[in-house]
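With chain A fixed as given, assemble chain B onto it according to the hints.
Protein sequences, first through last, are from chains A and B. At the far end of the first sequence sits residue 265, using the working numbering, and the numbering has no gaps. At the far end of the second sequence sits residue 248, using the working numbering, and the numbering has no gaps.
Incorrect hints may have been included.
From the structure, some residues in chain B lie toward chain A, with a derived Cβ separation under 7 angstroms [what the hints assert, rightly or not]:
1. E51
2. P53
3. N150
4. P159
5. G161
6. P248
Just so you know, these hints were derived from the structure itself, not from any lab. In this text, a Cβ means the ideal position worked out from N, Cα and C, and glycines have one as well.
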Amino acid sequence: MSVTTAPKLAAVAVSGLTKTYPGPRGPVVALRDVTFAVGGGEFVALIGPSGCGKTTLLHILAGLLAPTGGEVSVPPRRPGRPPTAVVFQGISTLPWFTVRQNVEYGLRLQGVPRRERHERAEAHIGQVGLLAFADAYPFQLSEGMRQRVSIARALATDPEILLMDEPFANLDEQNRLLLQEELLRIWQESRKTVLFVTHSLDEAIRLADRVLVLSASPGRILTEVRVPFDRPRDFRAIREDPQYGRLSASLWDLLRAEVLKGRLP
Amino acid sequence: MRNSRWLALFSPLALLLLWEAGSRLRFLDPRFIPPPSVILASLADLTRSGELPYHVLVSVRRIITGFLLGAVPAVGAGLAMGLSRQVRALLMPIVAAIYPIPKIAIYPLIIFYLGIGEASKVSIVALSIFFLVLLNTMAGVIGLDRAYFNIARAYGAGPLGTFATVAFPGALPAIFTGLKLGMGFALIVIVGAELLGSDAGIGFLIWRSYQIFAVDVMFAGLLVTALLGWLATAALDWLEHRALPWRP
Numbered sequence: 001m002s003v004t005t006a007p008k009l010a011a012v013a014v015s016g017l018t019k020t021y022p023g024p025r026g027p028v029v030a031l032r033d034v035t036f037a038v039g040g041g042e043f044v045a046l047i048g049p050s051g052c053g054k055t056t057l058l059h060i061l062a063g064l065l066a067p068t069g070g071e072v073s074v075p076p077r078r079p080g081r082p083p084t085a086v087v088f089q090g091i092s093t094l095p096w097f098t099v100r101q102n103v104e105y106g107l108r109l110q111g112v113p114r115r116e117r118h119e120r121a122e123a124h125i126g127q128v129g130l131l132a133f134a135d136a137y138p139f140q141l142s143e144g145m146r147q148r149v150s151i152a153r154a155l156a157t158d159p160e161i162l163l164m165d166e167p168f169a170n171l172d173e174q175n176r177l178l179l180q181e182e183l184l185r186i187w188q189e190s191r192k193t194v195l196f197v198t199h200s201l202d203e204a205i206r207l208a209d210r211v212l213v214l215s216a217s218p219g220r221i222l223t224e225v226r227v228p229f230d231r232p233r234d235f236r237a238i239r240e241d242p243q244y245g246r247l248s249a250s251l252w253d254l255l256r257a258e259v260l261k262g263r264l265p
Numbered sequence: 001m002r003n004s005r006w007l008a009l010f011s012p013l014a015l016l017l018l019w020e021a022g023s024r025l026r027f028l029d030p031r032f033i034p035p036p037s038v039i040l041a042s043l044a045d046l047t048r049s050g051e052l053p054y055h056v057l058v059s060v061r062r063i064i065t066g067f068l069l070g071a072v073p074a075v076g077a078g079l080a081m082g083l084s085r086q087v088r089a090l091l092m093p094i095v096a097a098i099y100p101i102p103k104i105a106i107y108p109l110i111i112f113y114l115g116i117g118e119a120s121k122v123s124i125v126a127l128s129i130f131f132l133v134l135l136n137t138m139a140g141v142i143g144l145d146r147a148y149f150n151i152a153r154a155y156g157a158g159p160l161g162t163f164a165t166v167a168f169p170g171a172l173p174a175i176f177t178g179l180k181l182g183m184g185f186a187l188i189v190i191v192g193a194e195l196l197g198s199d200a201g202i203g204f205l206i207w208r209s210y211q212i213f214a215v216d217v218m219f220a221g222l223l224v225t226a227l228l229g230w231l232a233t234a235a236l237d238w239l240e241h242r243a244l245p246w247r248p
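Chain A on its own, in the form it takes in the complex (with noise of 0.2 angstroms):
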């Protein structure tokens, strides 16, 4: 029933998470005792079926949303550093705010100066390549440069957690791919600890250290992987190493089970 301090190497522990919704019709259980935990530094993706409670579980490791039950720990918050930092799916960016508002909108509200956060703004528009079109709005750019927006915003505020809500599930495959290696690029360079969560498999392994299956709803752990890919990685020699299409069917097979529960009227 409490957030409190992680102990030493896990960066992100959770025991025991349940968390209910009211409903018309009693309470609807959306997870039910998820235990897990995130190293630090780590990049751990978390993949369901749609529905399983990814979203949820997500919004309470980031304070949205309160638990029901059990425990979830993250970092201590440290002054001038949040605990967390969250990349939404679908609208990520403040439409009435241009670029650069965007990037330092964390910074604003922690109350860091003008002017660092003008330079710690820059530096991460830069980081995402958006340099060019840091005094352009949203509206100005296409689906792919806003969540670059949403990913520059969060690394600016330094955060201890990375949290990722499918970031790049609006996107066309091909872009999807190119962001994908981006974010990869950046996060060699900072090494965060990263809680992904995406419904596509081939993002999971591709990206992730770790990838941790939830059941159909209500969500549990139902098992997790260990990505072997060496870093940093090449798409591409990964595409062809036969471990990955292993990886990918046994992984398949698992969701597909959950999947087909989940549709059950």
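Okay, now just chain B, sitting in the frame of chain A:
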């Protein structure tokens, strides 16, 4: 596109020409319907004598003061009602009860309380736009996607931060819709109020002209009112464009 623009200019010009011709050729009785040239001439006279500018200034001052007095608290109340279900539950019945009353019907009561001076004119304008701006602002906040509020909260925004960085900028397009609707009502109400009980203003000018049978001045007054409405709309459009550069 170009052609249709010329057509739009053609019909009013043709109407004015027909009117002028009809009035001069005595198809229309110029005592009741003076030709446009006469109306323009008396408009020029009224302007030169300073009488028209005086009445226009009086009305414009009433509109602007009333507009500010009505709009500013309306935006505040609308944002609060949009953000909080409790505040909405508390205030909505009152708003719903007062909003549909034609504000000009309250005017005698206002004169009764505030007298026939400026206070009653400014109050009726403020009152007539207050509810329009309030309801539009509230709808603007309620219509905002939850995702924006999630972004604010995830980055640590408190109530004030949410107010300043999400609710207000997000509701601004709806606020402008309310202001523009309100401007139309403000004009209707101020001219109406000046007709009913006043000693200055465009409405008063039109009413007095009726009493002394100066039909050309009545028409001039109408023309100025139309011009004023057009100018007010243009000013608000310009302001909206400046305030909302983020809209496609």
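Outcome of the hint check:
no. : hint : in the structure
1   : E51  : violated, 46 angstroms
2   : P53  : violated, 40 angstroms
3   : N150 : holds, 6 angstroms
4   : P159 : violated, 12 angstroms
5   : G161 : holds, 6 angstroms
6   : P248 : holds, 4 angstroms
Checked against the numbered hints given earlier, the structure breaks hints 1, 2 and 4 and satisfies all the rest.
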